[in-house]
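Going down the list, the protein sequences come from chains A and B. Residue numbers for the first sequence follow our numbering, so the first one is 85 and each next one is one higher. Residue numbers for the second sequence follow our numbering, so the first one is 85 and each next one is one higher.
Hint data in this document are derived by calculation from the structure and do not stem from the laboratory. Please note that the accuracy of each hint is not assured.
Any copy, or any two copies together, can satisfy a pair, since identical chains are not distinguished.
Each computed EDC-like pair below joins lysine to aspartate or glutamate, with the alpha-carbon atoms no more than 16 Å apart [said to hold, decoys possible]:
id: 1; residue 1: K166; residue 2: E118
id: 2; residue 1: K102; residue 2: E118
id: 3; residue 1: K121; residue 2: E88
id: 4; residue 1: K177; residue 2: E96
id: 5; residue 1: K93; residue 2: E131
id: 6; residue 1: K181; residue 2: E96
id: 7; residue 1: K151; residue 2: E120
id: 8; residue 1: K170; residue 2: E131
id: 9; residue 1: K166; residue 2: E147
id: 10; residue 1: K151; residue 2: D165
Number of protein chains: 2
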Amino acid sequence: MNLELMQSKCVEVSAIMKAIAHPQRLMLMCHLAEGEKNVSELLDLCEISQSQLSQFLNRMQREKLLKVRRDGNFSYYSIADKNITKLIQSMQKIFCKEE
Amino acid sequence: MNLELMQSKCVEVSAIMKAIAHPQRLMLMCHLAEGEKNVSELLDLCEISQSQLSQFLNRMQREKLLKVRRDGNFSYYSIADKNITKLIQSMQKIFCKEE
DNA sequence: TTGTAATATCGTAATATCAATAACCAAGGA
DNA sequence: TCCTTGGTTATTGATATTACGATATTACAA
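Turn these sequences into a full structure, and let the hints steer you where they fit.
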């Protein structure tokens, strides 16, 4: 792999890292790695205020990590790209393996 | 996996993410994933000023991502934990596979 | 003394965090 | 229709953290 390509990949991937690099945002991503969830499900799963949850989901959507599907009153969020799901899953494999 | 354990893992892992979440720091980690390198080797490999390189290496060492071995004038940096090497490698596998 | 390797500090600009609060909108009574 | 509620989004402001160039410093070898 040449250096130029490597650098452009690093720009792209570090932006994803940055969007995930927060305890609660990572937690959200871990839950979403298991499949689509709506906002109140996420609110129950994570200890987080509604306002922050909304901000975090919004931010990760803006940065193309998440996509939304609206159904009546509910917004269902899911991971936008299967590479990101893979990333979360390998992080779980590496850091959360049972001892 | 219970929620409490999951949360504490997320705190730990998101701190690692945060330390890596920068184009040039990620680039450094990718080079270091191949093995120990000294500072001038890294300076040649990455387009980065000496002052920033020093700051970045220092920061990632402080946050336990890197370790240093000094040999005369040279400081050799390497990744401090094999889980972090694994993480970098799986990121490379996911995002840098050749098409 | 000059060059190489590395570290430390400073100041400014840019970002991020987070709580509080307001706004929006659709559905369901009264 | 008006009013309320539930679910969600947007805005603001105070505070903290980062980024990064400039500059100074330490250490040692040729």
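Hints and how they fare:
Taking the closest pair of Cα atoms, K166 and E118 come within 16 Å of each other only inside a single copy of the chain (12 Å); across copies the shortest separation is 26 Å, beyond that limit. With identical chains, the CA atoms of K102 and E118 are never at most 16 Å apart, being 21 Å at best within one copy and 23 Å at best between copies. With identical chains, the CA atoms of K121 and E88 are never at most 16 Å apart, being 38 Å at best within one copy and 20 Å at best between copies. For the homomeric pair K177 and E96, the shortest alpha-carbon distance between copies (15 Å) is at most 16 Å, but the shortest distance inside one copy (23 Å) is not.
In this assembly of identical chains, the alpha carbons of K93 and E131 lie at most 16 Å apart only when taken from different copies (14 Å versus 33 Å within one copy). Taking CA atoms no more than 16 Å apart as the test, K181 paired with E96 passes between copies only; the shortest distance there is 14 Å, against 28 Å inside one copy. Taking identical chains as interchangeable, the C-alpha atoms of K151 and E120 lie at most 16 Å apart only when both belong to the same chain, with a minimum of 9 Å there against 40 Å between chains. In this homomeric assembly, K170 and E131 never come within 16 Å of each other (Cα to Cα): the closest approach is 25 Å inside a single copy and 29 Å across copies.
Taking identical chains as interchangeable, the C-alpha atoms of K166 and E147 lie at most 16 Å apart only when both belong to the same chain, with a minimum of 15 Å there against 30 Å between chains. For the homomeric pair K151 and D165, the shortest alpha-carbon distance inside one copy (9 Å) is at most 16 Å, but the shortest distance between copies (34 Å) is not.
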